[in-house]
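Novice: These are the residues of each chain, in order.
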Amino acid sequence: MNKVFFDELFREVNISAYDILENTIDGIVVTDTNGTILYMNRFAGDIAGWKQKESVGKDFEEVFRLYRGNTGNRAVNPIKKAVETQSIVGLEKDTLLLTKNNEYIYLSASISIIRDLEGSVKAVTCVLRDVSRLRKREIDVEENERKYRALFNNTSDAILVTLLTSENKPGKIIEANETACRMLGFSREELLGMRISDLSQDFVVELNERSTDEIISQVKATGEATRKCEGHLNGNSVYFEIITQYFVLNNQYVALNIIHDVTSFRLAQEQILQAKQAAEEANKTKSMFLANMSHEIRTPLNGIIGMSDLLLKIKMTPEEQVETTKTIISCSQNLLHLLNNILDLSKIEAEKVEVVNRVFDVKEMAEESVNMYRIRAKEKNLDIKANIKEELENLWIGDKIKIQQVLNNLINNAVKFTLSGEIIVSVDKQSDDGISCELQFSVSDTGIGIEEKDLNKLFIAFSQVDGSYTRQFGGTGLGLSIAKKLVELMGGRIWVESKPGFGSKFIFVLRLKKSNNLKAEDIKIQNALPCKPLVGLRGKKVLLVEDERINQQLFMKIADFCMIDVDIANNGVEAVDAVRHNCYDLILMDIQMPVMDGIEAMKQIREIQKTRGTHIAIIAVTSHALEGDREKYLSLGMDDYLAKPYCVEELLKVISCNAGIDTDIKSDISLSEMLLGNVDGPNYSKSISWKADAAKEHCRNLQKAIQAKDQQNAEKYSHLIKEMATDSGNIDIKYAAFDIEIEVRKKNFAQAEVLFEELVKLML
Amino acid sequence: MRILIAEDDYASRQFLFKLLSQYGDCDIVVDGMEAVEAFMMSIRKKQLYDLVCLDIMMPKADGKQVLKAIREMEKQNDILPQDASKVVMISALNETDIVFETFDTGSEAYAAKPLNTEKFIKLLEKLELI
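Protein chains in written order, with the numbering used here: chain A, 1 to 764; chain B, 765 to 894.
Source of the hints: derived by calculation from the structure; they are not laboratory data.
Being a predicted model, the structure only gives us computed values, none of them experimental.
Among the hints, erroneous ones may be present.
Said to hold, decoys possible - Taking lysine to aspartate or glutamate and the DMTMM-like style, the derived pairs with C-alpha atoms no more than 20 Å apart in a straight line are:
no.: 1; chain 1: A; residue 1: LYS513; chain 2: A; residue 2: GLU390
no.: 2; chain 1: A; residue 1: LYS389; chain 2: A; residue 2: ASP428
no.: 3; chain 1: A; residue 1: LYS416; chain 2: B; residue 2: ASP795
no.: 4; chain 1: A; residue 1: LYS499; chain 2: A; residue 2: GLU390
no.: 5; chain 1: A; residue 1: LYS746; chain 2: B; residue 2: ASP789
no.: 6; chain 1: A; residue 1: LYS286; chain 2: B; residue 2: GLU859
no.: 7; chain 1: B; residue 1: LYS824; chain 2: A; residue 2: ASP727
no.: 8; chain 1: A; residue 1: LYS80; chain 2: A; residue 2: GLU103
no.: 9; chain 1: A; residue 1: LYS313; chain 2: B; residue 2: GLU889
no.: 10; chain 1: A; residue 1: LYS746; chain 2: B; residue 2: ASP795
no.: 11; chain 1: B; residue 1: LYS809; chain 2: A; residue 2: ASP732
no.: 12; chain 1: A; residue 1: LYS704; chain 2: A; residue 2: GLU753
no.: 13; chain 1: B; residue 1: LYS782; chain 2: A; residue 2: GLU319
Build the full structure now, drawing on both the sequences and the hints.
Specialist: Below, the structure is given as C-alpha cells:
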C-alpha cells in the first residue's frame, strides 16, 4: 500500500492520519533525531501525565523519565539508541516510567526510525504501553510460584513426582524437592530422570495390597487415588511412610510421592514396646518370686508346725524328741535366714546400707569363713581349702563385715552345689600402687557348673537358674544378687566362670587400702564374743522386761536350766518399780511394750542408779533388727543388744558378757551341740560305674554299718551300690540295694540284714 | 497298710514318717526317680502300696510325673481299680491350677504345706485308709 493510495483512502472516508494517531489506544510519540518531541498522541500524554501541547518541543527524556526496574538507575535513552543503532529498539524488562505526577508505572515501548526517500533518518517513532497491570499480575504469579516452590522444598517430607509408564509401572522422576535430595543423597538434577527403583538398593518399598492397576482404574473413574506404603533404607535403618497421590496431568498418569521419615516414631514405638516387655518381665519375675517365696516359707513352716504338733501328740523316746526338736530348730533357722536375706536386699535397694571401712586382717577373715563351712563340707565329704598368699599378711582397710558376707555367700553356694570334690577359697593381690591394692577373692568348686546361657541370670534377684518343679536345689535366688549389690557398693565387681559338669569359679575384685596399723580394729560381732560358762550364771538375779507371754515362758525355761533367779516385769512401769525395790545383776529390756516402752524405762532406771551410784547392765532385746539398730540402742544408753529371734546360745553369751563373769571356759557342750547340730539329709557322691572291687568295698562297709546300726552310713553305701548297679544295668542288684536303703531309712536293721544276705548272693 | 512317702525336704519327710508310722509300714524315697522305682518294686513283689504321699517339687522327676507313671504302671500290670494306690499330692505350691491339674492326672487328694495334722488324719479317714 503506497502513500498516494493511503492519502486517497483517507480523503474518501474523510479521516486524516492525525485522527488515526489520536485514536490509537497505545501511546505514540514522534521525535526528531535529537530526541525533541515533535508529536505525542493523547494516550502518550495520558501515560506520562503530560499535556500534548506542553510536551511538544521538549526532550523525550524530560517527559519520559525512564528507570531500570532492577537497579533504579536512569535507563539508556532509547531514542538515541535507536538513532545510533539504526534499528528497532525495545525497553529493558521492568523499565519504570516516572510520570509527571511522580508515580511509577511499568512501561513497554518499541522505538523505530523513520527514514526519508534518500534513506537518512528523519524522525523517530515510539509506541508506548502501560504494562503495569500485566506486570503486577506476572509478579504475583512469580511470587506465588516462589512461595509454593519454597513450601515444596522446605517441607519435612521428601516429595518425588513420577510419571507412570504405559504399563502402569513407576516411571521417571519429573520433580523432586530439596528434602528429597537431602534424604536420598542426590542433587535435583541427578534425581530428575531417575526411577525410584534406581535410587538405592537399600531403598525398599513394601507395597500394600492395592496393585498399581487397581489404583489406575480408580484414577480413571474418579480422577485421582491415594495409596500408603512403607519403605526403609536398610543400611541406615531409616523408615519411611510413603503417601502417593495419583492424578492425570497433561494426559499422563502422574504419581506424587510424599515420603515421610517415621524413623523417630518407629524408634519411640520400639522403645515403648521394649519398656512394655521389660515391665511384663518384671511383673512375671515378681509373681515367680512370690510363688517361690511362698514355697520357701511354707516348706520350713511345714517342719516347724508338723514336728511341734507331733512332739505334743505322739509318745517319743528322749532320742526321738531330741531329733524332732533339732529338726524344728533347723527349720526355724532356715526361715530366719530367708527373712534376713529379704531384709538385706530391700535395705540395699533402698540405699540404706553404708560401707564402714575399718582396719582388718584379710587372711584371718578368709580363714574364719572357711572354718565356718568346714563342718558342712565334711558332712558332704568335700575338701575345703583356704589358699591365701603370704604377702597378704599385712592389714587392710575395708568393710570386713560386708566382704565376709559376700565370701560366705559364695562358699555356701559352693558347698550346696557340689556333690563331690573340693572347694578352694583364695585371695590374690592383683595390682599394687603402694597405697592400695586390687584384691581378687575367688571361690572355686567342682560342682554341677552353670550353662553359659544361664550365667547372666545368676546375679538377678529372685531368679534361679533352675526354676522347674524338678529342681534339685531350693533357695530364693537372693544370695548372689545381694552379693553383687554389696560388691558394687564397695566399688568392686563380681563375675563367674563356669563349665557345666566341671564346676564354677566365682570371683570378686575390690580395691582396698593398705593399713600401717599393727592391730586390727576391734569390730563387735555377735559371734566374736567369748563363750562363758553356764555354771557362772548360777544365782545371778535377772529382771526380764517383756510383755509377750511366750517369750517370758521361753526365758523362764532357759533360766531354770541355768539356775538364774528371774523377776518378770510386763512393761516399763513395772520394770522401774522392780528396780526401785530390788537389786539386779542384769536387765533384759524389750523395746516395744504397752504402758511404758523400753527406752523410757531405761532412762528412768538410769536416774535411779545415779542416786544410788551403781550401774546395772541393761540389754535391749528387740525385733528391731535392721542394720544400725544396734548402734542406735547403744547410743541411747543400752549396755548391749540382742536381736529377736535369738537362740539359747546367743542369749547366754549376752547375759554372761554383761553379768560380770570373766572366766573363759567353753560353753555347755550338750546344749550347744544340740543347738548347732546339723539335720540336713544325707548326701551322696556322684554315681560311678560298676567296678567289682569298689562294689565289694561298698558291701563290706554296708555290712559294717548295718551291724553297727549306723543309719547314715548304711543308707550311703546301699545307695552307692544301687547307683553302680543302675549304671551297669544290673536291675536285680539295683532293687536289692534299694530295698536295703528303704529298710535302713526306717531303722529296720534286722530286715536290712536279711536283705543284705540276698544282695550278697546276687553279687556272687 | 503299706505307705510310700516321696519327699525331698528332710523335715517334711521325717514329719510324715513319724505321723504315718502310727498307721502302717512307711517306705521313704527322696526324689521322683526313687518314687517310681519303689513303686515298680512293690508291683514286682506284689506288695502294693495302699497310700502314696507325693511331694510335687522333687529332684529328678516331679510329683505330677511320678503320679502319671504310677497310674501307667498300674494299667500295664492289670491292677484292679480297688487295688490301686490312693495318691495324696503334697506341696508348698498353694495354687489352685496346680491342684486341679493333679486331680486331672488321677490323684485322690491334695494337701497344702504347712500340713495340719488333724486335717491330714481326717483326709486319710475320708479315703477309707484308716
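Novice: For the pair supplied as a hint, LYS746(A) and ASP789(B), is the alpha-carbon distance within the 20 Å limit?
Specialist: holds (9 Å)
Novice: Does GLU390(A) sit within 20 Å of LYS499(A), going by the straight-line distance between their CA atoms?
Specialist: Roughly 30 Å separates the two Cα atoms, so the pair is violated.
Novice: When you check the alpha-carbon spacing of LYS286(A) and GLU859(B), does it fall within 20 Å?
Specialist: holds (16 Å)
Novice: Does ASP795(B) sit within 20 Å of LYS746(A), going by the straight-line distance between their CA atoms?
Specialist: holds (17 Å)
Novice: Need the status of pair LYS389(A), ASP428(A): alpha-carbon distance at most 20 Å?
Specialist: OK: LYS389(A) and ASP428(A) at ~6 Å, within 20 Å.
Novice: With the threshold set at 20 Å, check whether the alpha-carbon distance from LYS513(A) to GLU390(A) stays at or below it.
Specialist: holds (17 Å)
Novice: Can the restraint linking LYS824(B) and ASP727(A) be considered satisfied, given a maximum Cα separation of 20 Å?
Specialist: holds (16 Å)
Novice: For the pair supplied as a hint, LYS80(A) and GLU103(A), confirm whether the alpha-carbon distance does not exceed 20 Å.
Specialist: violated (24 Å)
Novice: Going straight from one Cα to the other, do LYS704(A) and GLU753(A) come out at no more than 20 Å?
Specialist: holds (10 Å)
Novice: Taking only the CA atoms, is the gap from LYS313(A) to GLU889(B) under or equal to 20 Å?
Specialist: Within the cut-off at roughly 18 Å; holds.
Novice: Given the hinted pair LYS416(A) and ASP795(B), is their alpha-carbon gap at most 20 Å?
Specialist: Answer holds: LYS416(A) to ASP795(B) is near 17 Å, not above 20 Å.
Novice: Under the criterion that the straight-line Cα-Cα distance not exceed 20 Å, is the pair LYS782(B), GLU319(A) satisfied?
Specialist: holds (13 Å)
Hint violations for this structure: numbers 4 and 8, all remaining hints satisfied.
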